[in-house]
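Each chain is listed here by its residues.
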Amino acid sequence: MQIKKAANKPLSLRRPAFDWSNVVLHFLLPLAGVLAALLIGAVMLIILKADPIAAYAAMVNGAVGSVSGITQSLVKATPLLLVGLGICIAFRANVINIGGEGQIILGALAATWFPLTFNTWPGWLLIPSTLIVGFVAGAIWGFVPGILKARLQVNEILSTIMMNSIAQQLMNLLLRGPLMDPSGIAAGTYLAQSARLPVQVWLPRLVPQTLLHAGAILAVVLAVLVYFFLWRTTIGYRIRAVGLNPDASRYSGINVPFYQALSMTLAGGFAGLAGAIEVIGVQHRLLEGVTSGYGFTGIVAALLGSLHPLGLIPASILFGGLLVGAAQMQRAVQVPSSLIDAILGLVVLFVSGSALWSRRWAARRNMGTEEEEKS
Amino acid sequence: MKPKIQDIKSQRIQHVEMRDIVKRFPGVLANSKVSFDVRAGEIHALLGENGAGKSTLMRQLYGLYQPDEGEIVIDGKPYVFRSPADAIRAGIGMIHQHFMLVPTLTVTQNVALGLRSSREPLLDLDKVTRRIQGLSEAYGLKVDPHAFVWQLSVGEQQRVEIMKALYRGASLIILDEPTAVLTPQEVKDLFATLRRMVQEGHSLVFISHKLHEVMDISDRVTVLRDGKVIGTRPTHKVTRGELVKMMVGRELKEPEPRSLKPGPAALKIEGLKTVGDRGTEALHGIYLEIHSGEILGLAGVSGNGQRELAECLAGMRKATAGRIAIGESDITTFTLNQRIDSGMAYIPEERMRDGAIREFSVEENIYLHDHSFAPYTHGIFLDFSQMASHAIDLVNEYALKTPSLDTPLKNLSGGNIQKLIMARELSRHPKALIAAQPTRGVDIGATEYIHQRLLAQREAGTAILLISEDLDEIRTLSDRIAIIYEGRIVGVVQRGQATIEQIGLMMAGVSMKEAMHG
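Going down the list, the protein sequences come from chains A and B. Per the working numbering, the first sequence starts with residue 1, numbered consecutively. Per the working numbering, the second sequence starts with residue 1, numbered consecutively.
Take the hints with a grain of salt, since some may be wrong.
So the derived list for chain B, only partly shown, Cβ under 8 Å to chain A, looks like this [what the hints assert, rightly or not]:
#, residue
1, M316
2, I340
3, P348
4, R353
5, A356
6, I357
7, F360
8, H369
9, L394
Computed footprint of chain B on chain A; a stretch qualifies when at least three of its residues, placed anywhere within it, have a C-beta under 8 Å from a C-beta of chain B [unchecked claim]:
#, region
10, 229-235
11, 243-257
Pulled from the structure, derived: some chain B residues nowhere near chain A, Cβ distances all over 12 Å [claimed, not checked]:
#, residue
12, K33
13, R89
14, R130
15, V149
16, V154
17, M215
18, D219
19, P234
20, T377
21, R480
Derived by calculation from the structure, the hints in this document are not laboratory data. Here the structure is a predicted model, which is why all the values come from computation and not from measurement. Here a beta-carbon is modelled for each residue, glycine too, at the ideal position from N, C-alpha and C.
Turn these sequences into a full structure, and let the hints guide you.
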């Protein structure tokens with residue numbers, strides 16, 4: 001049978017023409033969300049009789065006005081970027097990981113225990129192995145809810161939140177028991193913190209006299225690798241396929257539960273790595289507040305970055321800056337710290353709201369091709 | 001005091017008319033100048049294939065959609081329903097296919113839900129319970145007001161839905177495929193209730209595509225096809241065969257004879273059984289043998305097991321008994337990947353759900369399965385240049401209209417999406433192909449093309465199972481036609497051997513012997 005061939009019209013190979021509406025959708029809209037949140041924050045500042053202009057000036061100045069401000073912002077951005085990378089992978093598979101906090105804790109615990117135990121190893125060996133141990137510990141904490149979802153359809157939102165509580169209590173227990181700083185016991189202070197880690201495991205500082213450490217570079221390198229992983233490898237392709245349409249994925253032979261569990265495991269691993277880097281890069285010991293809420297803020301940073309590993313780099317720097325600047329603002333205009341939490345909460349709310357809005361907007365743009373669902 | 005049923009009988013709606021209703025959806029004319037009426041004391045069946053516009057029409061009567069043109073007249077007065085609340089106030093109720101009940105509440109609580117209590121703001125559930133019991137007696141509608149809905153069977157839940165409508169004073173009740181989820185015994189009980197309701201002066205609209213039920217229960221029947229009314233007949237003056245013809249209709253031309261050169265049996269199905277979505281057996285032992293180079297058309301009214309058969313063959317649904325073989329290899333227990341490797345290809349009925357990923361690009365959709373294999377992958381890395389050249393070949397070969405390989409699939413038309421799925425499945429040179437509703441919702445040009453492709457694949461020696469509700473399509477393409485009815489093959493006829501009426505009779509459940517000679 002003769003089948004008519006189409007006229008060989010040139011078919012562009014790669015990306016279509018740059019689409020400006022994507023910029024609006026994925027960048028300007030979330031940014032507008034941040035601004036709107038700050039605007040409402042200004043109203044709250046006025047109610048508290050603080051000068052909003054002075055407050056925000058202090059915020060901007062604190063975040064980017066000095067070398068120490070900039071480096072501090074980057075120090076905060078590093079764990080956000082790492083946690084966010086994991087969130088990207090999980091969300092791409094349509095698995096919602098709220099367990100960042102617990103996974104960070106597990107990574108931090110492992111990265112405290114390991115160098116304290118193998119404290120004779122040289123730095124070139126101890127640093128990478130500590131990072132790997134941290135990654136694995138977080139990955140295990142992500143694997144549990146992942147496999148529960150894949151095998152038993154346990155809601156991962158609930159299970160990851162519960163895993164957070166377990167991790168928190170586990171850390172409390174260990175910091176008051178086996179991991180407690182022996183010098184604190186000797187001095188009778190009994191502080192809930194670990195001993196200081198051996199010096200050779202400390203990550204090198206990038207700028208002298210600041211906290212900025214090599215972990216920031218590692219995080220950016222990993223962001224690029226995750227981008228290649230998601231868009232250039234078979235595993236990444238399957239993770240995205242599973243997230244977008246599990247039925248079609250199943251029919252094309254993809255093991256859907258496996259990739260759901262895998263994405264959650266990787267998400268846990270990246271959060272664990274963030275915890276490990278906090279310990280060996282910033283604190284050099286394990287303190288109770290190691291997570292600083294990065295497990296949750298990382299989700300928002302990931303949403304602001306449109307769940308794209310490269311978009312996540314500017315998004316996490318923005319959030320790092322917000323965290324540092326907000327602390328400065330509090331000091332400058334003497335407002336209660338809970339107001340800072342409220343403003344950051346508003347940012348979270350507006351950014352995730354704008355993400356929903358942009359998705360609906362995108363859906364409406366594609367309405368033309370929709371078929372009627374049912375007669 | 002509860003009012004006697006007799007007293008309120010006179011307040012019932014006597015006559016509902018829908019006049020020249022037009023309803024458009026983007027790209028679809030769902031109802032085109034449809035007129036339809038129901039009188040008190042009658043069951044009016046609305047018959048038609050999936051997508052004929054039955055549910056759309058009734059959703060307008062229930063206020064879920066608003067008609068673009070036309071009017072709704074009740075007892076001589078025109079009405080506009082902006083929402084179901086308006087329709088309920090006018091005395092119209094609807095029983096949906098999917099029940100709208102809260103499983104964790106009791107029957108009484110479900111019935112009371114959304115109604116104003118007589119002792120607002122306090123509840124008066126005892127009163128509700130008493131009225132439910134009264135209605136239950138009056139209509140022979142067995143429900144336990146204190147049972148929790150999650151404890152109830154599907155049939156009982158449906159009775160609760162009917163109870164809800166009666167409780168709200170519905171005088172005209174629309175039943176959207178009420179038997180689709182019921183066991184035969186439950187169907188009997190339902191029909192008894194419906195007859196009782198009609199005696200009490202209610203009017204009923206019975207939406208269905210099951211002929212025997214329509215013949216059994218209705219007083220009049222209106223057939224819809226492609227959004228138009230084909231005709232309204234008193235049920236006792238019409239035969240099943242006539243109804244089938246009205247439903248699938250069109251002027252059918254006789255298929256041209258053609259030379260058959262069937263090869264060896266390529267796809268063998270022996271005693272295949274499986275369970276449907278509702279947990280009841282959907283296939284009761286299917287036997288079919290399809291030879292290479294042959295198209296076997298599977299005709300049947302939708303919902304008779306076609307979908308389950310296709311999913312079973314493709315590996316999306318587990319077989320509970322029987323075996324499936326491609327050539328000499330038994331694939332009954334094979335995974336999807338193993339089936340594909342043994343030469344099975346599948347064009348799914350729900351192409352946007354099972355066949356493609358909307359957000360993925362044209363190219364990404366083309367290697368949905370093949371991306372795991374050489375030459376498209378090196379280790380875990382995808383080889384984009386190989387994929388792109390393969391994708392460009394397919395796009396050109398199948399005349400796919402797309403601006404680029406990176407265009408998201410959702411921006412393509414239905415016909416082009418179907419062509420892409422075909423291109424992907426056929427480029428594997430399958431031994432057996434399951435094509436389920438390959439041209440449903442596809443424009444004429446693409447339909448023509450898809451038919452050519454199927455015939456070309458037949459020439460190439462693939463065994464093709466063509467599942468379609470379009471009898472015309474089946475008759476022009478198939479070498480043999482098998483007719484499925486309630487999960488069984490009732491007959492297999494050679495190309496051109498049976499008339500459209502004979503096939504229609506078998507689709508309605510008449511045995512092959514009777515249909516061919518009776």
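Quick rundown of the hints versus the structure:
Taking 8 Å as the C-beta cut-off, the interface hint given for M316/B holds, the closest approach to chain A being about 6 Å. Here the hint on I340/B is kept, as its CB sits about 6 Å from the closest CB of chain A, short of 8 Å. About 7 Å separates the beta-carbon of P348/B from the nearest beta-carbon of chain A, less than 8 Å, and the hint is met. Among the interface hints, the one on R353/B holds; its C-beta lies about 5 Å from the nearest C-beta in chain A, closer than the 8 Å criterion.
Interface restraint check for A356/B: the shortest CB-CB distance to chain A comes to about 6 Å, inside 8 Å, so the restraint holds. For I357/B, the suggested interface contact is upheld, since its CB lies about 4 Å from the closest CB of chain A, less than 8 Å. Given hint, F360/B at the interface with chain A, holds; its Cβ is 7 Å from that chain's nearest Cβ, closer than 8 Å. Residue-level restraint check for H369/B holds (minimum Cβ-Cβ distance to chain A is 4 Å; threshold 8 Å).
Here the hint on L394/B is broken, as its CB sits about 11 Å from the closest CB of chain A, past 8 Å. Only when three residues or more bring their CB closer than 8 Å to a CB of chain B does the claim for the region 229-235 of chain A stand; here the count is 4, and the claim holds. With 9 residues carrying a beta carbon less than 8 Å from a beta carbon of chain B, the region 243-257 of chain A meets the three-residue requirement, and the given coverage holds. Remark: the non-interface label on K33/B is consistent with the geometry, its nearest Cβ contact in chain A lying 17 Å away (cut-off 12 Å).
Listed as outside the interface, R89/B is consistent with that label: its C-beta sits roughly 26 Å from the nearest C-beta of chain A, beyond the 12 Å cut-off. Non-interface status of R130/B relative to chain A is upheld: no Cβ of that chain comes within 12 Å, the nearest being about 38 Å off. Even its closest Cβ contact with chain A, about 22 Å, leaves V149/B beyond 12 Å, as expected for a residue assigned away from the interface. At roughly 20 Å from the closest C-beta of chain A, the C-beta of V154/B stays outside 12 Å, upholding its exclusion from the interface.
M215/B, annotated as away from the interface, keeps every beta carbon of chain A farther than 12 Å; the closest lies near 22 Å. D219/B, annotated as away from the interface, keeps every beta carbon of chain A farther than 12 Å; the closest lies near 24 Å. Distance check on P234/B: its Cβ is at least 25 Å (rounded) from any Cβ of chain A, clearing the 12 Å threshold; non-interface status holds. Its beta-carbon lying about 5 Å from the closest one in chain A, T377/B breaks the requirement of being farther than 12 Å from that chain.
Consistency note on R480/B: stated as away from chain A, and its beta-carbon is indeed over 12 Å from all of that chain's, at 20 Å minimum.
Hint compliance for this structure: hints 9 and 20 are broken, all remaining hints hold.
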